[in-house]
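Undergrad: Sequence:
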Amino acid sequence: MRTHFAHSLVLTYALPAQVLRPLVPPGLDLDTYRAGEHDVEYGFVAAALVDTRALRPAGLPARFGRDFLLTGYRVFTRFRTPGGRTMRGLRILRSDTDTRFMRWGGNVLTRYNYRLARIGSRVTDGSLEFRVDSGDGHADLEVTADLRTAPAPLPPHSPFADARAARRFAGPLPYTFEYEPQTRSVIVVKAFRTQWDPQPVSVDVRRLTFFDHGPLAGTDPVLANAFHVADVDYGWHRGVRRAESGGVR
3 MRTHFAHSLV LTYALPAQVL RPLVPPGLDL DTYRAGEHDV EYGFVAAALV DTRALRPAGL
63 PARFGRDFLL TGYRVFTRFR TPGGRTMRGL RILRSDTDTR FMRWGGNVLT RYNYRLARIG
123 SRVTDGSLEF RVDSGDGHAD LEVTADLRTA PAPLPPHSPF ADARAARRFA GPLPYTFEYE
183 PQTRSVIVVK AFRTQWDPQP VSVDVRRLTF FDHGPLAGTD PVLANAFHVA DVDYGWHRGV
243 RRAESGGVR
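Each residue of the sequence shown is one higher than the last, beginning at 3 in our numbering.
Just so you know, the hints here were simulated from the structure itself, not pulled from any lab data. You may find that some hints are simply not true.
Said to hold, decoys possible - Label pairs and their calculated CB-CB ranges:
1. Val110 with Arg251: 21 to 31 angstroms
2. Arg120 with Pro24: 28 to 38 angstroms
3. Asp233 with Pro63: 17 to 27 angstroms
4. Asp41 with Phe66: 50 to 60 angstroms
All figures in this text were calculated on a predicted structure; none of them were measured in a lab. Ideal Cβ placement from N, Cα and C applies to all residues, glycine included.
My request is simple: use the sequences and hints to build the entire structure.
TA: Listed below in structure tokens is the structure:
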């Protein structure tokens, strides 16, 4: 698949590692960070909002693509191969889109399990706004990013020691993972992009319901970072099925 990111805004939330480990399937490890005087181990969930242009299968010219607004929730994970290589990537928790066509096509071509939502985005006076009204109310989100002050400092209660540490958890990452229980396999999808220079931004999150439902209900996530990138060509290679141990099948 190929597309152009007009805008990508990713909010990364920190939670205690033991809260997130049950969301990580066999074969994957939670990607963690230790911080604070008590040496707390954190895991992270990314809430990504993307304005895509000319999204299309590889090989088709841009004029045959379509524009979509996409949102997704992912947990930061690692996948080790038998040769000792470690892939850092995101395991899918939820995906939403603004059109029935993308919900159908995305679910035919990918394992992202897209749901339909009302999603709006606009840029005004140096601010980027997204509003998401999910069909079940479990992934509503209202956020405004201030693009004028980038690079912005870390959020007040971020566990990261500095911007360099926060940058390691700036999604999207090079890989996306999904678990296939019927074959006990991990599906690995590698992404590629151009001119990738995400900038830390200040955000005003007015509504976020994802952590109010499901396995994370009752948790107390902390905004750890927020990164924005614009005008980037982006694509995904065909997924590769690997054994839980990391070998290619």
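Undergrad: Just pull the numbers of the violated hints for me, sorted ascending.
TA: Checked against the structure, no hint fails, so every one of them is satisfied.
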